[in-house]
Amino acid sequence: MTTATTAPGLEQSPAWSAALYARVQQFYARQMQLLDLGEAERWARTFTEDATFAVPTLPEPARGRAALAAAARRTAAELAAAGQRHRHFIGMLDVRPRPDGAVDVRSYAIVYASQTGGASQVHRVCVCEDVLLHQDDGELRVSARTVTRDDLA
Amino acid sequence: MTTATTAPGLEQSPAWSAALYARVQQFYARQMQLLDLGEAERWARTFTEDATFAVPTLPEPARGRAALAAAARRTAAELAAAGQRHRHFIGMLDVRPRPDGAVDVRSYAIVYASQTGGASQVHRVCVCEDVLLHQDDGELRVSARTVTRDDLA
Amino acid sequence: MTTATTAPGLEQSPAWSAALYARVQQFYARQMQLLDLGEAERWARTFTEDATFAVPTLPEPARGRAALAAAARRTAAELAAAGQRHRHFIGMLDVRPRPDGAVDVRSYAIVYASQTGGASQVHRVCVCEDVLLHQDDGELRVSARTVTRDDLA
Numbered sequence: 497m498t499t500a501t502t503a504p505g506l507e508q509s510p511a512w513s514a515a516l517y518a519r520v521q522q523f524y525a526r527q528m529q530l531l532d533l534g535e536a537e538r539w540a541r542t543f544t545e546d547a548t549f550a551v552p553t554l555p556e557p558a559r560g561r562a563a564l565a566a567a568a569r570r571t572a573a574e575l576a577a578a579g580q581r582h583r584h585f586i587g588m589l590d591v592r593p594r595p596d597g598a599v600d601v602r603s604y605a606i607v608y609a610s611q612t613g614g615a616s617q618v619h620r621v622c623v624c625e626d627v628l629l630h631q632d633d634g635e636l637r638v639s640a641r642t643v644t645r646d647d648l649a
Numbered sequence: 497m498t499t500a501t502t503a504p505g506l507e508q509s510p511a512w513s514a515a516l517y518a519r520v521q522q523f524y525a526r527q528m529q530l531l532d533l534g535e536a537e538r539w540a541r542t543f544t545e546d547a548t549f550a551v552p553t554l555p556e557p558a559r560g561r562a563a564l565a566a567a568a569r570r571t572a573a574e575l576a577a578a579g580q581r582h583r584h585f586i587g588m589l590d591v592r593p594r595p596d597g598a599v600d601v602r603s604y605a606i607v608y609a610s611q612t613g614g615a616s617q618v619h620r621v622c623v624c625e626d627v628l629l630h631q632d633d634g635e636l637r638v639s640a641r642t643v644t645r646d647d648l649a
Numbered sequence: 497m498t499t500a501t502t503a504p505g506l507e508q509s510p511a512w513s514a515a516l517y518a519r520v521q522q523f524y525a526r527q528m529q530l531l532d533l534g535e536a537e538r539w540a541r542t543f544t545e546d547a548t549f550a551v552p553t554l555p556e557p558a559r560g561r562a563a564l565a566a567a568a569r570r571t572a573a574e575l576a577a578a579g580q581r582h583r584h585f586i587g588m589l590d591v592r593p594r595p596d597g598a599v600d601v602r603s604y605a606i607v608y609a610s611q612t613g614g615a616s617q618v619h620r621v622c623v624c625e626d627v628l629l630h631q632d633d634g635e636l637r638v639s640a641r642t643v644t645r646d647d648l649a
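If you're matching them up, the sequences are chains H, B and F in order.
For the first sequence, position 74 matches number 570 in our numbering, and the numbering has no gaps at all.
For the second sequence, position 136 matches number 632 in our numbering, and the numbering has no gaps at all.
For the third sequence, position 16 matches number 512 in our numbering, and the numbering has no gaps at all.
Treat the hints with care, since some could be wrong.
According to the in silico footprint, chain B covers these stretches of chain F (three or more CB under 8 angstroms from chain B) [as the list claims (entries may be wrong)]: (1) 586-592; (2) 600-607; (3) 615-622; (4) 635-648.
With the C-beta cut set under 7 angstroms, the calculated list includes, among others, these residues of chain H facing chain F [claimed, not checked]: (5) Ala514; (6) Tyr517; (7) Gly587; (8) Met588; (9) Leu589; (10) Asp590; (11) Tyr604; (12) Val618; (13) Val643; (14) Asp646; (15) Ala649.
Hints are computed from structural coordinates only; laboratory data are not their basis.
This structure is a prediction, so every number in the text was calculated from the model and none was measured.
Even for Gly, the Cβ is constructed at its ideal location relative to N, Cα and C.
Can you make the complete structure from the sequences, with help from the hints?
Now the structure itself:
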């Protein structure tokens with residue numbers, strides 16, 4: 497994916513637009529807020545039905561909304577049991593529309609963790625590489641996500 | 497306010513626009529920079545005259561520009577005396593225009609603290625829920641703000 | 497530069513636009529990703545040929561792409577040798593076009609550091625003041641950058 501970030505001048509292509517950039521920002525804001533609110537089913541619906549989600553700690557990507565929602569529910573329950581809150585803060589979005597209308601987005605994702613009655617701190621620093629698709633209902637959804645963690649080799 | 501974040505598809509409503517999204521981002525950038533610069537009066541003028549500001553550590557919301565400016569001056573003096581700087585970093589803005597033209601914005605606010613000659617760290621992780629109003633002078637201003645802290649139950 | 501952040505209402509000037517705001521965000525996303533990827537030459541080309549870059553730890557600003565690229569290469573090598581990764585996370589952009597077409601941008605820059613096999617944390621909290629120029633090839637480039645660090649007096 498490195499090459500995707502190094503070609504100069506793509507923001508000048510006809511497909512890149514300020515309107516798309518703002519929509520993508522709004523998309524991530526809502527998606528991450530749903531996750532952090534523990535709204536697992538609604539969060540899962542921000543992915544396509546058969547979306548893949550690859551993380552470095554699993555040998556295979558998770559696939560499909562049911563698996564994603566189950567993972568989100570599990571994490572929400574673990575955090576609640578531990579008296580912790582997580583916030584996923586996405587930024588530095590490099591938005592690159594493809595000729596076929598899909599949108600490649602490479603962003604930084606900082607995860608903050610707070611302990612109830614305790615301190616807040618940086619939990620993870622990640623890079624998030626997504627493929628977003630325009631859907632028939634007018635929404636953007638993630639069809640493929642690959643997350644890497646800066647603390648892992 | 498949870499429901500405000502879970503209705504799907506509102507970015508497709510006629511009222512949501514990329515132009516509004518960028519304006520709201522620019523608004524928060526200037527507002528928080530004024531606060532962190534200790535420009536208490538100018539910061540207070542980014543709120544409506546009778547704005548309310550609720551935080552979890554006060555039993556009642558602060559109300560009105562004079563009270564807000566006084567609180568900002570007090571905090572600026574305390575930080576200066578302690579050799580500290582704060583930066584308020586807002587992001588993940590979920591921007592939802594209402595039919596009446598007001599704009600609900602739910603965002604994440606990370607406060608960083610740096611000690612002169614020392615270290616920088618995460619100080620607070622907050623959620624900020626604002627009502628923004630379009631004003632006759634063409635500006636946006638906050639009429640009501642509610643801040644919650646992730647480290648408090 | 498303080499005054500640049502305090503004049504009210506400049507986002508209402510004809511020159512400020514949501515389109516410019518999004519372009520500036522996209523510019524920083526790509527510029528910082530190139531830096532963090534160690535793409536020193538390509539990163540240097542996001543500055544004008546004779547750009548200046550002032551930091552508090554050097555008595556004189558660095559000047560020109562060759563000097564910038566050399567500094568970026570040196571930092572990338574040092575981080576790799578130490579098993580560390582840095583991410584530059586820019587936000588809170590106050591974007592102020594000048595009448596001559598140059599664009600003043602004052603932003604916050606958080607630098608996160610992660611140790612391979614270890615923890616991630618806030619490394620630096622900085623303020624970044626840039627002059628961006630529209631170039632003949634349609635790109636924005638930085639002609640002058642001044643970075644301050646919150647942990648230094």
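Quick one: which hint numbers does this structure break? Sort them smallest to largest. 13
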